[in-house]
Amino acid sequence: MKGGWRAGVLGLAAALAPLLAGCGRGGAESGTVTLRFSWWGNDKRTQVTLQAIEAFQKKNPNIRIKAENGDWGSYWDKLATQGAGNDAPDVIQMNESYIAEYGKRGALLDLEKAGVKTDRFAPGAADAGRLKNGLFGINAGINAPAYMANPKIFEAAGVPLPDDRTWNWDRMADTARRIAKACPKGTYGMENPVGVEPVFKLWLRQAGKDQYGELGMAWEPADGAPFFEWAKKLASDGATPSASEVSEETAKPIDQTLAATGKLAMWSQWSNQASAVEKVAGTKILLLRPPSATGRCADNKTWYKASMLWSASAKTRHPKEVAAFIDFLANSQDAGRILGTERGVPANLDVRKAVEPSMSETDKRVAAYLDAIASDLGPVPIVTPVGGGKFESILQRHGQDVLFGRKSPAAAAKALHEEMKGLLK
Amino acid sequence: MNALGELGAPGRRAMGRKGDTPDSKAGFLFLLPWLCGLAFITVGPMLASLYLSFTDYNLLEAPNWVGLDNFKRMLGDGRLHNSLKVTFAYVLIGTPLQLALALAIAVLLNRGMRGLAFYRSIFYLPSLLGSSVAIAILWRQIFGTAGLVNQALSVLGVASPPGWIADPRTALGTIILLHVWTFGSPMIIFLAGLRQIPAEYYEAAAMDGAGKWQQFRRITLPLLTPIIFFNLVLQIIAAFQAFTQAFVVSNGTGGPSDATMFCTLYLYQRGFGLFDMGYASAMAWLLLAIVGILTAANFFFSRFWVFYDD
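Read top to bottom, the protein sequences are chains Y and F. First residue of the first sequence: 1, per this note's numbering; consecutive thereafter. First residue of the second sequence: 1, per this note's numbering; consecutive thereafter.
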C-alpha cells in the first residue's frame with residue numbers, strides 16, 4: 001500500500017516532469033521560475049515535503065518546485081554526478097557529513113548572502129551549516145543520537161527498562177544479553193553497534209577524544225579498539241545479531257529491519273527518526289539516553305546535530321527564489337506545522353513554539369528528549385572535514401572484518417584510522 | 001564454413017570494394033547514427049578519462065595535472081589489490097564453468113528433440129535477465145539468511161546454514177553462480193556451431209565403433225574449438241566488466257568485508273562516492289590494459305589449440 005502510493009507519486013512526478021520543464025522554459029516570458037529540489041528519505045518525509053511544496057506554491061504562484069526525491073543509498077552518487085555535470089538541483093537536502101565536501105569546493109550557495117534569515121534560531125543551531133567561507137546549509141531540524149527501546153520486547157522478556165541516567169555500556173550489554181536469553185531465537189537484545197558511526201563517536205568522545213578535530217583525525221587507534229572489542233563480545237554472546245545478519249541488515253529497507261519487525265529490543269537512531277520507526281514497527285518506541293562510560297548521564301558527551309541542512313547549488317540561476325523557498329522551509333510556521341519533527345525539532349524557536357501544540361504524541365516525546373539531554377551535552381563536534389562523508393561505510397567494513405574474525409579489534413582500529421587519515425583532505 | 005568464418009565474411013567483402021561507390025555512401029549514411037554514438041558516447045569519454053587519469057579531478061572542481069601520481073598510488077592501495085583478486089577469481093572460475101555448462105546444454109539440445117525452440121528460449125532467458133537488477137534482488141532473497149536456499153536446507157536438517165550473501169566466505173560464490181546461470185548466449189553460439197559439424201563424420205565414426213564419448217572428444221570438440229575460442233574471448237571480456245550483480249547483491253558496498261568488491265565496483269565507489277574521479281579513471285585504464293593483455297594472450301595461445309577446418 002505504502003509502496004504503491006510512493007510509486008504513484010513517482011509516476012506522477014515522472015509524468016509531470018516534461019510539463020514542469022516546459023513551465024521552466026516558458027518562465028522567461030511568463031515570469032514563472034522552476035526550481036529543482038532534491039531530498040532523500042522515507043515515505044512519510046516524501047508526503048509531508050510534497051505538502052510543504054504545495055503550500056509554498058500557493059503563496060508564491062510564480063515559483064514552481066520540482067521534486068526529485070530518492071533514497072539515501074543512491075542520493076549521494078547521484079548528487080556528485082549532477083554536480084560534475086553542472087546539473088545540480090537548485091535546492092539540495094544536505095547532510096552534515098558532506099557539507100564541507102561541497103561547500104569548500106565552491107559547489108554551494110552562501111545562503112546568508114542570499115538572504116536566508118537565521119536570527120530566530122536556537123543558540124548555535126545556525127552554525128551547523130557554517131564553514132569558514134560562508135553559511136552553506138540551513139539547519140532543517142535539531143537532532144541528537146538516542147537509543148530506541150521497544151517496550152514490548154522488554155515486557156515479553158521480563159526485563160525491566162534500564163535507567164538511562166545511570167547506565168553504562170556494560171549495563172547495556174547485560175540488559176541485552178538477558179533479553180536475548182529470555183526471548184525466542186532470532187530476537188536480540190540490541191543491534192550490533194560495530195558499524196554505527198554515532199555510537200563509535202560517542203565512545204571516542206567519552207574517552208576524551210573526538211572523531212574529528214581542527215587538524216583532521218582527533219583519535220588514535222588505541223581509542224577505537226575497545227569499541228570493536230565490545231561489539232565483538234556482544235555478537236559472540238548472542239546478545240546482538242550474528243556477523244552475517246549484521247551485514248545483511250545494512251542492505252534492508254527500513255520496514256524489513258529487525259527493529260521494524262519487532263526483533264530488536266534496543267538500537268541507536270537519530271531522535272528525529274522516532275516517528276518513522278514507530279510507523280513501520282507499529283508500536284510505541286521509547287527514547288533513551290546513550291549510555292556513558294562512567295554511568296553518569298552528564299558524562300555521555302552527546303551532542304545536538306542538524307538532522308540535515310537546506311543547501312542550494314552555487315550554480316542556480318534563481319538565487320532569490322531559492323532563498324525564498326529555503327526561508328519558507330526553515331522559518332515559516334506553515335511549513336513547520338506541515339513538516340512536524342520528521343526532520344528534527346525546528347531550529348527556529350518561534351516555529352517550534354507555534355508547532356508544539358499540534359505536535360503528535362511521538363513528536364512531543366522527541367522534543368522532550370532533546371530538552372532533557374540539554375544539560376548532558378558534550379562539546380560541539382566540528383563539521384565533518386572533506387573526505388569524511390563515507391566514514392560509516394568504512395567503519396562497517398572494518399567492523400565486519402572484526403565480527404567475521406578476519407581482523408583483531410586492535411588491527412581493525414588501526415586499519416580504520418589509517419584509511420580515514422588517507423581520505424581526509 | 002564455420003560460424004567464425006561467417007562472422008568475418010562481410011568485413012572481407014566490404015574491404016574488397018572501392019570506398020566511393022554510391023552503395024558505400026548509403027552504407028555510411030546508415031551507419032551514421034552508430035558512428036555518432038561511437039564518437040560521442042564511447043571514444044570521446046574514453047579520451048576524456050585518459051586525460052583525467054593524470055589529474056586529481058574531484059567532480060566539483062577543475063582538474064589539476066598530477067602526472068603519474070594516480071598510477072603510483074595504485075601500488076600501495078590494498079583495496080585495489082583485493083578487488084583485482086576478487087575480479088580474477090570471478091573471471092577465472094566463473095567463465096570456464098559458464099562455458100562448460102553452455103556446451104553441455106547445447107550438446108543435449110542438439111540431439112534433435114521435439115520442442116527445441118521452446119527449450120532454447122527457456123535456457124536463453126537467464127542471459128537476458130541475468131544482468132538485470134530484478135534478478136540480482138531475487139538472488140539476494142534466495143541466498144539470504146532466511147532465504148529459499150536456507151529454508152530448503154533446514155527442511156533437509158542442516159542446523160544453521162550460513163547467510164550465503166552476507167558471509168564473506170560464500171558471497172562471491174553466489175555471484176559466480178548467478179554468472180554461470182546466464183549461460184544462454186554462449187549456448188546459442190555453441191548450438192549454431194554444433195549444427196555445422198557434418199553428420200557424415202559421426203556416421204563414419206559410429207561405423208568404426210566409436211562410442212558417444214569418443215565421438216564427442218574426437219569430432220565435436222576439435223571442430224568446435226573456433227567457437228569455444230570465440231566464446232572464451234567474449235565471455236572473459238564481459239566478465240571483467242561485471243558490475244550490476246555485485247552492486248545490487250551487496251547493496252553497493254562490495255561487502256561483506258570487500259568479498260564482492262569487483263574492480264568495476266571499487267572504481268565506481270572511488271569516483272562517485274569518494275570524489276576521486278582522477279584515480280577512478282586511472283583504474284579504468286588499468287582494467288582496460290588487463291583485459292587487452294588477456295585478450296592478446298588468448299589470441300596468441302589459440303594457435304596451439306584452436307583447429308580451423310577450412
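Hints were generated in silico from the structure; no laboratory data involved. Check each hint, because a few of them may be wrong.
Simulated pairs of lysine-lysine, DSSO-like, Cα-Cα distance not exceeding 30 Å [unchecked claim]:
| no. | chain 1 | residue 1 | chain 2 | residue 2 |
| --- | --- | --- | --- | --- |
| 1 | Y | K263 | Y | K364 |
| 2 | Y | K117 | Y | K59 |
| 3 | Y | K407 | Y | K44 |
| 4 | F | K85 | Y | K252 |
| 5 | F | K85 | Y | K104 |
| 6 | Y | K78 | F | K85 |
| 7 | Y | K407 | F | K212 |
| 8 | Y | K407 | F | K25 |
| 9 | Y | K414 | F | K85 |
| 10 | Y | K58 | Y | K44 |
| 11 | Y | K421 | F | K85 |
| 12 | Y | K132 | Y | K407 |
| 13 | Y | K425 | F | K72 |
| 14 | Y | K320 | Y | K152 |
| 15 | Y | K78 | F | K72 |
| 16 | Y | K425 | F | K212 |
| 17 | F | K25 | Y | K414 |
| 18 | Y | K421 | F | K72 |
| 19 | Y | K263 | Y | K59 |
| 20 | Y | K44 | Y | K284 |
Okay, the calculated beta carbon distance ranges per label pair [what the hints assert, rightly or not]:
| no. | chain 1 | residue 1 | chain 2 | residue 2 | range |
| --- | --- | --- | --- | --- | --- |
| 21 | Y | G422 | F | L38 | 54 to 60 Å |
| 22 | Y | T261 | F | A100 | 50 to 56 Å |
| 23 | Y | R165 | F | H81 | 20 to 26 Å |
| 24 | F | G76 | Y | R165 | 33 to 39 Å |
| 25 | Y | A222 | F | F243 | 47 to 53 Å |
| 26 | F | S302 | Y | T261 | 53 to 59 Å |
| 27 | F | S302 | Y | D71 | 54 to 60 Å |
| 28 | F | D69 | Y | G124 | 38 to 44 Å |
Since the model is a prediction, treat every value here as computed from it, not as a measurement. Beta carbons: idealized from backbone N, C-alpha and C, even for Gly.
Structure-based check of each hint:
1. Y:K263 / Y:K364: holds (26 Å)
2. Y:K117 / Y:K59: Judged against 30 Å, a Cα distance of about 19 Å means the pair holds.
3. Y:K407 / Y:K44: With Cα atoms ~40 Å apart, Y:K407 and Y:K44 exceed 30 Å; violated.
4. F:K85 / Y:K252: holds (28 Å)
5. F:K85 / Y:K104: violated (36 Å)
6. Y:K78 / F:K85: holds (28 Å)
7. Y:K407 / F:K212: Between Y:K407 and F:K212 the Cα gap is close to 53 Å, so the pair fails against 30 Å, i.e. violated.
8. Y:K407 / F:K25: violated (64 Å)
9. Y:K414 / F:K85: holds (23 Å)
10. Y:K58 / Y:K44: holds (22 Å)
11. Y:K421 / F:K85: holds (25 Å)
12. Y:K132 / Y:K407: violated (39 Å)
13. Y:K425 / F:K72: holds (19 Å)
14. Y:K320 / Y:K152: Measuring from Cα to Cα gives roughly 50 Å; hence the hint is violated.
15. Y:K78 / F:K72: holds (29 Å)
16. Y:K425 / F:K212: Not OK: Y:K425 and F:K212 at ~66 Å, beyond 30 Å, violated.
17. F:K25 / Y:K414: Roughly 65 Å between the alpha carbons, so the hint for F:K25 and Y:K414 is violated.
18. Y:K421 / F:K72: Holds, at roughly 18 Å.
19. Y:K263 / Y:K59: violated (45 Å)
20. Y:K44 / Y:K284: holds (17 Å)
21. Y:G422 / F:L38: 54 to 60 Å: violated (38 Å)
22. Y:T261 / F:A100: 50 to 56 Å: violated (42 Å)
23. Y:R165 / F:H81: 20 to 26 Å: This hint is violated: roughly 49 Å between Cβ atoms.
24. F:G76 / Y:R165: 33 to 39 Å: violated (48 Å)
25. Y:A222 / F:F243: 47 to 53 Å: Since the Cβ atoms of Y:A222 and F:F243 sit about 39 Å apart, the hinted range of 47 to 53 Å is violated.
26. F:S302 / Y:T261: 53 to 59 Å: Since F:S302 and Y:T261 have Cβ atoms about 55 Å apart, the given range 53 to 59 Å holds.
27. F:S302 / Y:D71: 54 to 60 Å: violated (47 Å)
28. F:D69 / Y:G124: 38 to 44 Å: holds (41 Å)
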